[in-house]
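*Asks:* Chains X and Z, in that order, give the protein sequences. Our numbering puts the first residue of the first sequence at -18, with every later residue one more than the last. Our numbering puts the first residue of the second sequence at 139, with every later residue one more than the last.
These are calculated hints, taken from the structure and not from any lab test. Do not take every clue at face value.
Claimed, not checked - Here are the simulated DSSO-like pairs of lysine-lysine, each with C-alpha atoms no more than 27 Å apart in a straight line:
no., chain 1, residue 1, chain 2, residue 2
1, Z, Lys287, X, Lys203
2, X, Lys203, Z, Lys267
3, Z, Lys367, Z, Lys330
4, Z, Lys206, Z, Lys174
5, Z, Lys367, X, Lys(-5)
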Amino acid sequence: MISEAWIIAIKEIKLLFKSTRRIFLLFTTPLIFILIFVIFIIVLAPLAAAIDEPLEVIIIQDDAGINGLNWGDEFYKLLKNSNLTKDYVYINKSEVNLNGLLLSKNFSVLLYIPANFSNIINQSLSAQFHLYYDNIDVKAQTIVSNILTISQLFNQAIIFFYDGLINLNRVFVLPEGVSGSSGLEGMVSSFITLIPLYAIIFLVIPSLSLVLISVTIEREQKTLETLILQPIGRKSIIAGKLFYGAILVLFNAIITLITLFVFTILGVLLLPNSIKSEFLPLLATIVSEADISVWIFIFYVLLGLIIVSLLVITAAVVFSLMAKDEREANMVISALVIIPLVSTLLIAFLPLEIIDSSLQTILVMLPLLGYLFAIYLSLNLGKITLMTWFSLIAQLGWVLIGIWFAGRLIESEGILEISYKRLLRFRRK
Amino acid sequence: MAMNSIAITTKDLTKIYNLGKENEVIAVQNLNISVKRGEIYGLLGENGAGKTTTVRILTTMIKSTSGKAYIFGNDVVTNSSIARKYIGCLPQDAGLYEEFSALENLGFIASLRGLSDIERKEEIARLIKLVGLEERKRDRVETYSGGMKRRLMIARSMIGNPQILFLDEPTAGIDVLASRKLREIIKLLSKKRNTTIILSTHDMISAERLCDRVGVLNKGILVAEGTPKDLIKQYAGPDGDLEDAVVNLIGWTGEMDEVID
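Bound-form chain X, shown alone (with noise of 0.2 Å):
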């Protein structure tokens, strides 16, 4: 069975090439990728280039000083001096029209020291400094940042974008008590679960239309009467379309991998010289301190996506051999991976709390939303539980029960004359 299956694969790989269409097809997900790059070039290129530009400060000193003592000077000196701040260039611009320079706006962070500053230091009073910046360049931003970390010595600033006073507190407070499910954890393990959402989008689904293309070809071809007339047995013929699809699977996912890793690489190279410095050693430590939990974690990720990469080539297969053609094929079979996709997206962000544990045990056994779900679940908990292995071999299960009831249509007799329309007659009867 094993070599007819495979005879039967090889032929539907030399028709794939027959075909632009399916060509196309086939190296969707790398050519998706390598578009994203390109914009991503494009709209980040400029951005990058003017990460690694000298910073920019402009300095107007009015501070009048005094008993001859000028606390603005010293101010300058020590923003100069600091380890925080003394890469920026700092242009001094005393004699420009400050009015005049904000309304020009040609400036990306302008520090003023009013004529009163060392007056006001001297009666041991808060003295203020002003701060104008662009608050949407993030460049400023830190420079900002910076400036007031120094300035804690000057007491107080006041900071001003383009258009009015801002609020620098944005930091995110995590309110106490909070996990699991919810607040910033449950986002972060609901933005983990879509990874394999959209690794099942990217690497399975084009393989899936290739599949259900090749089934739907050899029923409008009617040369699923020439493979059943041969002598082989007629589940050799359900086989060799999943050996095709798995052969497409594991293909995609080679050259999407080496499409990634080699823009991956020419990414990085692009990468600022400030952030790259920061980021790769970074990367290196997240590696070096994962534990094992992470690993067997990543391996129950990969084998889950093994197994339900062959559960929805095994459902193209099936779902395809009940259709008239390729447009019925593609309506069913869009609506059955629709359904379980859209769903975890709702599914991956609700509160846990709300799910109660017989309704999750029999969300983890849906075919293809269980496995998402039971990622999520997982991450949730923060561990591997025994009904998240248990998913895993309720996915299995539906693979063979999907072989299993391709095998016992393709062994029907009415195969070459079944369709959806068929079916649906039948149920209205």
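Using the hints provided, position chain Z relative to the given structure of chain X.
*Replies:* Here is chain Z on its own, set in the frame of chain X:
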């Protein structure tokens, strides 16, 4: 492989579509035939007489409702994979892989039938020549005419030198020359290779010239069986031909005047 002299046997073979439902159709009823090895057997009858259903049961594509059918002693239901090894089939409406060339279409089936690389190449070259597709053998099938496709299907049914060849309407859609050539091929296969051929056809000329025996089906029932000569003698009279015999057997009176008036 030890070869039985009886290639095909059916015992009370019956096929009823939609059994027990309002639209129940009896396609084949208590069919008993026996075809010897090397014999050319014609299945004749009007549309819906049960010819194609019989071929489909014998080629293991569908299961009978009751009765048995054997291919060289192998039950077509319980031993279908083995039975299919003896069979080559040209179904009425099976298709070709339109994006493949003739070579690729034949190559795929040859691989499935377990031919080695050398055997495959030789066999395909021989069959392509036989059906006259040498010049177009590398072109995509989607560019072929209907007749060329039919010829390619005929070649495909002969891959692996099957012991029994089921030909369902083989001459439909092919020109006179190709049709004559096909008749020659069928004769040679039967004589030289001792291939059993089941010919389901409306082409009475082919049936009369080729078949050793014919069976006439009417509404699923075998109404007559014998050599073409015997049937003509018995049912058409001295000046008649096989067509007259079949027409008389299935009961058409020939009175069309009223319909036209």
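*Asks:* Evaluate each hint against the coordinates.
*Replies:* Evaluated hints:
no.: 1; hint: Z/Lys287 / X/Lys203; result: holds (13 Å)
no.: 2; hint: X/Lys203 / Z/Lys267; result: holds (25 Å)
no.: 3; hint: Z/Lys367 / Z/Lys330; result: holds (23 Å)
no.: 4; hint: Z/Lys206 / Z/Lys174; result: holds (17 Å)
no.: 5; hint: Z/Lys367 / X/Lys(-5); result: violated (50 Å)
In this structure, the one hint that does not hold is number 5.
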